[in-house]
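Given chain E's structure and the hints, the job is docking chain Y onto it.
The primary structure of each chain is shown beneath.
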Amino acid sequence: MKTTLTQLEQDIINQYQKGLPLCSTPYKAIAQALNSSEEEVLSAIQALDNAGILSRVGAVFNHKKAGSSTLAALAVPEAELDSIAEIVNQFDHVNHNYGREHGYNLWFVVTASDEQALIEVIAKIEQLTGYPVLVLPMEKSYHIDLAFNINFAESPRGCH
Amino acid sequence: MSNYTSPHNLQLSSLERQFVLLTQSGLPIVAQPYQYVAEQLQITEADVLAMTTDLKERGIIRRIAAVPNHYKLGYRYNGMTVWDVEDEYVSEFGQAVGRLPFVSHCYLRPRHLPQWNYNLFAMVHGKTTQEVQQYRTQIKDLLINVLQVRNDDSDHGIKLMTNDILTSTEILKKTGLRLKR
Numbered sequence: 001m002k003t004t005l006t007q008l009e010q011d012i013i014n015q016y017q018k019g020l021p022l023c024s025t026p027y028k029a030i031a032q033a034l035n036s037s038e039e040e041v042l043s044a045i046q047a048l049d050n051a052g053i054l055s056r057v058g059a060v061f062n063h064k065k066a067g068s069s070t071l072a073a074l075a076v077p078e079a080e081l082d083s084i085a086e087i088v089n090q091f092d093h094v095n096h097n098y099g100r101e102h103g104y105n106l107w108f109v110v111t112a113s114d115e116q117a118l119i120e121v122i123a124k125i126e127q128l129t130g131y132p133v134l135v136l137p138m139e140k141s142y143h144i145d146l147a148f149n150i151n152f153a154e155s156p157r158g159c160h
Numbered sequence: 161m162s163n164y165t166s167p168h169n170l171q172l173s174s175l176e177r178q179f180v181l182l183t184q185s186g187l188p189i190v191a192q193p194y195q196y197v198a199e200q201l202q203i204t205e206a207d208v209l210a211m212t213t214d215l216k217e218r219g220i221i222r223r224i225a226a227v228p229n230h231y232k233l234g235y236r237y238n239g240m241t242v243w244d245v246e247d248e249y250v251s252e253f254g255q256a257v258g259r260l261p262f263v264s265h266c267y268l269r270p271r272h273l274p275q276w277n278y279n280l281f282a283m284v285h286g287k288t289t290q291e292v293q294q295y296r297t298q299i300k301d302l303l304i305n306v307l308q309v310r311n312d313d314s315d316h317g318i319k320l321m322t323n324d325i326l327t328s329t330e331i332l333k334k335t336g337l338r339l340k341r
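Chains as they are written, first to last, in the numbering used here: chain E, 1 to 160; chain Y, 161 to 341.
It should be emphasised that the hints constitute simulated quantities derived from the structure, not laboratory data.
It is possible that some hints are incorrect.
To be verified - Here's a subset of chain E near chain Y, in silico, CB distances under 8 Å, partners left out:
| hint | residue |
| --- | --- |
| 1 | L42 |
| 2 | S68 |
| 3 | L136 |
Using N, Cα and C, we set each Cβ at its ideal position, and we do this for glycine too.
The shape of chain E in the complex, shown without the other chains (with noise of 0.2 Å):
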């Protein structure tokens, strides 16, 4: 099991969740940044990798150019949260679906080709739930990027 990270790990997670280098040897071009080695670096990701600290090295696509979608939340009972969240989950279209504390307390994404398709879904989800659905769908975004800068100076210990 994997307690703590080197520096080197902490470095590459820090600066390379924001993207890769875009070119032939991206990791040759990392380690001439993080003063390594090509091979140190590949490894260092590998550990992640196989520690299941980095999720993927990957692409990450931008939701809101993969259709129409929103977020949405139900107010349920909190004795039928587990089998109204079963419905929702159901739905291929729903990719996120959180338990919150508050009167709404099931909170949800829902993505769909188009917003005729999210309509139709979301009216799907009122029939069989039976609840209101609240849809909040984004007017604006004040912040673009999902990484944020990971404080590794706390980490707790048992990472598992």
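Chain Y only, in chain E's frame:
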């Protein structure tokens, strides 16, 4: 030089579609990952690099990156902070909140009065619930003069607050957006 030409719209060409399918769940960790993609797609590495640049410019992919699993890094708590910001100030102050280093998304969304009066959403992440609460306080300090104070909607028995935080209790589903085969 690359022979790659862009279709100039949001539609994906057949080659781009193959590229997306090949790269979305991860690239092999090898010295020349784009060469690997090139071999799979039977095009040149220069074409793969040009296509990647083009897909980024068209906004279809944000980046090709080392994507961390925040949960594994100790970020077990997320809080969706929501704010009722006066409309005339929401753009300026939304951008200020979006610049805070611990905010991962900051969006303007519609209100649905009377049951939902919040128009600004800022997602924060922390390793403890205290950390998440502290971030909420920092955002509140920033927004304190532009929050809308509303009378309670007594007809509906709803108490309208200027802000709230919705902490996650459980992840019920989480799959990254994927192009279907």
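Now the hints, each set against the structure:
1. With a cut of 8 Å, the hint placing E/L42 at the interface with chain Y holds, because the nearest CB-to-CB distance is about 6 Å.
2. Among the interface hints, the one on E/S68 is violated; its C-beta lies about 12 Å from the nearest C-beta in chain Y, farther than the 8 Å criterion.
3. With a cut of 8 Å, the hint placing E/L136 at the interface with chain Y holds, because the nearest CB-to-CB distance is about 4 Å.
Hint check: a violation occurs at hint 2 only; the rest are consistent with the structure.
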